[in-house]
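There are 2 protein chains.
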Amino acid sequence: MQSVPHLTTAQIGPMLMVESHLQEHLADIESWFRNQWRSIKEPFYASVDIRNAGFKIAPVDTNLFPAGFNNLNPAFEALCIQAVQLAIERMNTRIDRILIIPENHTRNLFYMESLGVLKEIIEKAGFEVRLGSMFPDLTEPKEATLESGRSLLLEPLLKEGNRIGVDGFIPELVILNNDLSSGRPALLEGLDQRLTPPLNMGWSNRLKSMHFGQYKMVAEEFAKHIDLDPWLIDPLFRNCGEIDFMKREGETCLSRNVTALLENIQKKYDEYSIKSEPYVMVKADAGTYGMGIMTVKSPDEISVLNRKQRTRMATVKEGQKVTKVLIQEGVYTHETWGEPPAVAEPVVYLIGHSVVGGFYRVHSARGVNENLNSPGMRFEPLAFEDCCISPEKSLSPDAHPNRFYAYGVIARLAMLAAAREMAA
Amino acid sequence: MQSVPHLTTAQIGPMLMVESHLQEHLADIESWFRNQWRSIKEPFYASVDIRNAGFKIAPVDTNLFPAGFNNLNPAFEALCIQAVQLAIERMNTRIDRILIIPENHTRNLFYMESLGVLKEIIEKAGFEVRLGSMFPDLTEPKEATLESGRSLLLEPLLKEGNRIGVDGFIPELVILNNDLSSGRPALLEGLDQRLTPPLNMGWSNRLKSMHFGQYKMVAEEFAKHIDLDPWLIDPLFRNCGEIDFMKREGETCLSRNVTALLENIQKKYDEYSIKSEPYVMVKADAGTYGMGIMTVKSPDEISVLNRKQRTRMATVKEGQKVTKVLIQEGVYTHETWGEPPAVAEPVVYLIGHSVVGGFYRVHSARGVNENLNSPGMRFEPLAFEDCCISPEKSLSPDAHPNRFYAYGVIARLAMLAAAREMAA
Chain A
1 MQSVPHLTTA QIGPMLMVES HLQEHLADIE SWFRNQWRSI KEPFYASVDI RNAGFKIAPV
61 DTNLFPAGFN NLNPAFEALC IQAVQLAIER MNTRIDRILI IPENHTRNLF YMESLGVLKE
121 IIEKAGFEVR LGSMFPDLTE PKEATLESGR SLLLEPLLKE GNRIGVDGFI PELVILNNDL
181 SSGRPALLEG LDQRLTPPLN MGWSNRLKSM HFGQYKMVAE EFAKHIDLDP WLIDPLFRNC
241 GEIDFMKREG ETCLSRNVTA LLENIQKKYD EYSIKSEPYV MVKADAGTYG MGIMTVKSPD
301 EISVLNRKQR TRMATVKEGQ KVTKVLIQEG VYTHETWGEP PAVAEPVVYL IGHSVVGGFY
361 RVHSARGVNE NLNSPGMRFE PLAFEDCCIS PEKSLSPDAH PNRFYAYGVI ARLAMLAAAR
421 EMAA
Chain B
425 MQSVPHLTTA QIGPMLMVES HLQEHLADIE SWFRNQWRSI KEPFYASVDI RNAGFKIAPV
485 DTNLFPAGFN NLNPAFEALC IQAVQLAIER MNTRIDRILI IPENHTRNLF YMESLGVLKE
545 IIEKAGFEVR LGSMFPDLTE PKEATLESGR SLLLEPLLKE GNRIGVDGFI PELVILNNDL
605 SSGRPALLEG LDQRLTPPLN MGWSNRLKSM HFGQYKMVAE EFAKHIDLDP WLIDPLFRNC
665 GEIDFMKREG ETCLSRNVTA LLENIQKKYD EYSIKSEPYV MVKADAGTYG MGIMTVKSPD
725 EISVLNRKQR TRMATVKEGQ KVTKVLIQEG VYTHETWGEP PAVAEPVVYL IGHSVVGGFY
785 RVHSARGVNE NLNSPGMRFE PLAFEDCCIS PEKSLSPDAH PNRFYAYGVI ARLAMLAAAR
845 EMAA
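In order, the protein sequence lines correspond to chains A and B.
According to the working numbering, the first sequence is numbered sequentially starting from 1.
According to the working numbering, the second sequence is numbered sequentially starting from 425.
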């Protein structure tokens, strides 16, 4: 079996334009990024969901509390370790002890394996690492033995004055691996310690539309620098505030924006002679885990949503109500893997501003325009065989190093957008 | 065939003490290094020759103008690229164009391959790179095609005002890959551009005794921090000024120091119940390329040197006369590879303060106490299968990741000594 998904599309259009353009502008691109990172601090890590339509490569979600570290290629462990060292060197302060605050769903064994790998990478980078849990039922340390043979000690989070830690351990740095879907915990307010990503980047504060607003500006600046149409790396979007799916409030706004967005996409498709049918994704503006998401090809679909569909859209993780939605250009996934072909969606990982690889979500039962990160949806992870760090001049634009380099560039643009969100 | 040399010794002594001690103190060690690098700038790169006697691991040479990049494991290319990006980020200034000044011996195809790999790594890190040669006979650009298929363009170095470059290319950073054995070139004096390593680190200025003096202090501070006898990581040494091998001047000083050093080594051997016979290396204090080096087991050997041996000691690279010598504790090499066993000497590479792997010099015709880097001596390079970045807690001290981690630590101590030489 091939080890990298196949990029296949029947489109007549500017195929591989992004890859070949990026491949040719390596020095300009890296120079631009270097300059950006000289003046802005990035969050500690991120994973970026990317879609490659052949004519267009764009991020569709940027997760600042990434899980899935267990899906990365073990061959790039040293790269991860070096990236952790660089990210912490960039914090410009003495850090030896690090506390990770994990999610509360400790029964999710996939999550626990990811946490185990994350802890191991940071330990191997030469730090003392402990896990401090906010889970209210955890009143004493609890050892979990994982399928991989890893053993993890979860300890109850303690607060002493303005500093948090676990028993006998007050860290200089706290890394959040909990997306704060259920709100900003009082325990974490007003800390004297460095906390990354900061509280206001949790899903209780953050809106996808804020991120994609920043991304739009980042993509425009970047595209101008290398003389590229920004649309080729940026999904169009609009947003609606004050939607109530259950009460059917805000539907007019939604329909109007869906119509406008579909028209704008069609214009770009016409410009590039792309024969696909435009579609949009309607997503909860706050929240993650692929909940509260639907694919829409016509505004008429909004008014005929049935009760089950409305319920599915109305709440996201931890029962948070959806009141704002993001309407985002749908980007077709034209990467497939295996036989019969299964749709494959790349996820790129960054530690600090360094790309450290990624993996594909491979799901055979889904279509090219559906979301592959849905609740209950099982995917097969396929680790990238390349770390996305540099293109290979001598090879074709679709050669794996070049495709992965393009993914690394897009992911770094998303990270830069997140850094600007954080600074804003 | 095994892919990593075998560490074998008949010694009764504190075997693997260094490896196991370093393995246990990962967090302390990395914390110590982090703190050091926060307050001092390192040269751009280095290769460090290391010897592992089983009871002791020590650097025997630190080269600040390394060749041999073609001997590194291609699997760690991404690590090298990331290390270049970090090293240049640490320079805290805008750098996009880089000029490399190579050695003049362009007919050495091994050297040219190394130069090709070095250039490629820096290009892939996102910089524009050109090669500016000081070779007087090079009056116009000359393309060289290498066995690997690489093609290298050597261009004559030009100076405009206080800036150097090649035709149409004025770089922000100049990387010296020429050890300046024949002196400080006037062309490179008083530049407005950043030059790394700086001129005074060339062999025309630098003395091995200065380096090992700094290394001794670094090793003492480090060893104190992790509670280790510094002798286990530091070769003892003494030096003599004003030696003339041909005129037999300075022999008394040499004999006296050889005697004293052999006695000091014997004391340490007795302390650790090591049954080996002490020996010392007598080396030209300035100079490289393994010229002007001899193994001495008794001061009597000095007075009976024949004419040929004296001539061999009297001059080093580019005909420079040897007037000062370093007398260094000989460290046995107890790593062997293959059948019949061939002696293997590790060489560790750093870019900035990051270790990026290394290789072994394997030579079957040499003994355990001889120098493996001699003129005319051909060795087989054996790339490290590990990048030396982190130990593996769960494995034995002699497991490959732990042995390589120890090498990485020793190499970083040598780099720190070089950084202090540079600052002094």
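Read the hints as simulated data drawn from the structure, not as lab findings.
Predicted model, so just to flag it, every value in this text is computed and none were measured.
Where hints are given, some of them may not hold.
[Said to hold, decoys possible] Once the Cα atoms are required to be at most 25 angstroms apart in a straight line, the calculated PhoX-like pairs of lysine-lysine come out as:
(1) B:583 - B:648
(2) B:732 - B:671
(3) B:648 - B:692
(4) B:748 - B:671
(5) A:224 - A:159
(6) A:142 - A:216
(7) B:566 - A:393
(8) B:817 - A:142
(9) B:691 - A:41
Here's how the hints hold up against the structure:
1. B:583 - B:648: 48 angstroms, violated
2. B:732 - B:671: 13 angstroms, holds
3. B:648 - B:692: 18 angstroms, holds
4. B:748 - B:671: 14 angstroms, holds
5. A:224 - A:159: 48 angstroms, violated
6. A:142 - A:216: Not OK: residue 142 of chain A and residue 216 of chain A at ~44 angstroms, beyond 25 angstroms, violated.
7. B:566 - A:393: Holds: residue 566 of chain B and residue 393 of chain A sit about 22 angstroms apart, inside 25 angstroms.
8. B:817 - A:142: Distance of about 22 angstroms is within 25 angstroms: holds.
9. B:691 - A:41: 53 angstroms, violated
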